[in-house]
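**Q** What follows is each chain in one-letter form.
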Amino acid sequence: MRRRSYQFATGIVLGLSLILLNLPAPTAARLKAALAHSFAPLFGLQRALETFSGAAVDRTLPRSVLLREIQALQRTNELLRIQTDQLRGAGAENVRLRSQLQLSQRPNRPLKLARVIARDPQNWWRAITIDLGSQDGLRPDQPVWVASGLVGRVRHVASRQSQVSLVGDPACRVSVKIRETGEHGILTAGPFTSFDPKVVHLNHLSADTEALPEHTVVTSGLGEVFPADIPVGTLLEIDRPPGALQATARVRLLVDVSKLDEVWVMSALP
Amino acid sequence: MSVFNFHSLVILLAALIGVFLESACTLPRDLLGAPVHPLPPLIIYAALQSNLATLTLLAILGGLWQSALSADPVGISMAPLFLVGILVASYRKHFVRQQWFVHAMLGAAASALVPALVLFMLITLGHEPALNWFSLWQWLVASAGGGLITLAIFPLLDRARRALTHPMVQGGYRFSHEPASADES
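For the record, the sequence lines run as chains V and D. Note that the working numbering has the first sequence beginning at 1, numbered continuously upward. Note that the working numbering has the second sequence beginning at 1001, numbered continuously upward.
Be aware that one or more of the hints could be misleading.
As the list claims (entries may be wrong) - What follows is a list of derived Cβ distance ranges for each label pair:
hint	chain 1	residue 1	chain 2	residue 2	range
1	D	Leu1027	V	Asp229	30 to 38 Å
2	D	Ala1163	V	Asn22	36 to 44 Å
3	V	Leu245	D	Ile1123	26 to 34 Å
4	D	Leu1164	V	Gly54	28 to 36 Å
5	V	Ala48	D	Leu1027	18 to 26 Å
6	V	Lys259	D	Lys1093	45 to 53 Å
7	D	Ala1116	V	Gln102	52 to 60 Å
8	D	Leu1164	V	Lys259	20 to 28 Å
9	V	Asp229	D	Ala1053	51 to 59 Å
What the hints assert, rightly or not - Cross-link-like lysine to aspartate or glutamate pairs, in silico, EDC-like; alpha carbons within 16 Å at most:
hint	chain 1	residue 1	chain 2	residue 2
10	V	Lys259	D	Asp1030
11	V	Lys112	V	Asp141
12	V	Lys177	V	Glu210
13	V	Lys177	V	Glu224
14	V	Lys198	V	Glu237
15	V	Lys198	D	Asp1030
FYI, nobody ran anything at the bench for these hints, they're computed from the structure. Virtual Cβ for every residue (Gly too), placed ideally from N, Cα, C.
Between the sequences and the hints, there should be enough to build the whole structure, so can you do that?
**A** Put into structure tokens, the structure is as follows:
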């Protein structure tokens, strides 16, 4: 009797696993989004706790500290306004020159601030969950970044949250270029020999590359997912195997994903 | 005795909260570089202290919940969780179930085995998980952490069971106006 029930349960689990693993990708994504709703009350509770603890910290902060902070922010704001005014002139000039050369204009896409609410529970994926979803206008493949550099791209979108594949995840390959030399390559997951999760691989460099360690790696703008010139990382070392047609390099990412609390998501191209 | 009782519900609720904390609470990840998985210790608890229905439901729902917050394919950890659970449940009579050392060892072994099986399935299915030498450290942390979590889970869930279930009375219940039977008096 017991043996039969064990066999029955095993059959159910294995059968269900087979069905789920063979689901078409859109159906699997929809199922994931539906399952993510199970955590909605817990994420709501987490947000409420954070708001409550934030309010408690705000009340204990001395007024003098807040005033100093406001003054510093006002100075930074003023400085940035001056820089923006200078850049606005250069931007207008750039638009005029592009139209004279009959080049397409660079799209100016609005950014949305998102909070990081969870990280991938598995060690072998690099992904985070953010608190914006399809209700906030998010779509798959939108680029995600912070001031210090590129974070990744939106992969799955649920109604109120989305999963972001981080740079270095096998699902997030990025077309990049080396700023100093202009050479192009593809960033992929880190090499197996690495012990540092912040180190990733740069492939498809030409064998006679002029790139050097400490050179900056930025997005190339090819592929229409990531806009051009977002900083990604710095070159650590270049491997030029003798006789090979291509060189590879190790790149240290600029963004420490373990310290991310908020990220910017760029809206999709119209 | 019903197959699915309040204790089963508590185990499933613990799994939901555990998967949520694993993703939302970054303290172990920040300190040790790896999260600690709550599902393998819970599977060990269900295999030793609960019934087959609960074990099966825990593997199914736990696997689904985990994949909802992960980039894993949907339900990939269901089968590894269940296989580890059913293996322990099959031999549960051979374990000294009240010994904390046994709980810790089984929890650590399950926490090592489940990710290894999931990884094996991922690679077999043609996925390319990001692995490097640091993954070995993460695996060790997950195994040791799983052992420690198992130690905490057993007394916690046992206490919840005692608090939420009424103890069975020997000889059954009777109303106060009913006369006591001869063997009771």
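**Q** What are the numbers of the hints that this structure violates, sorted from low to high?
**A** 8
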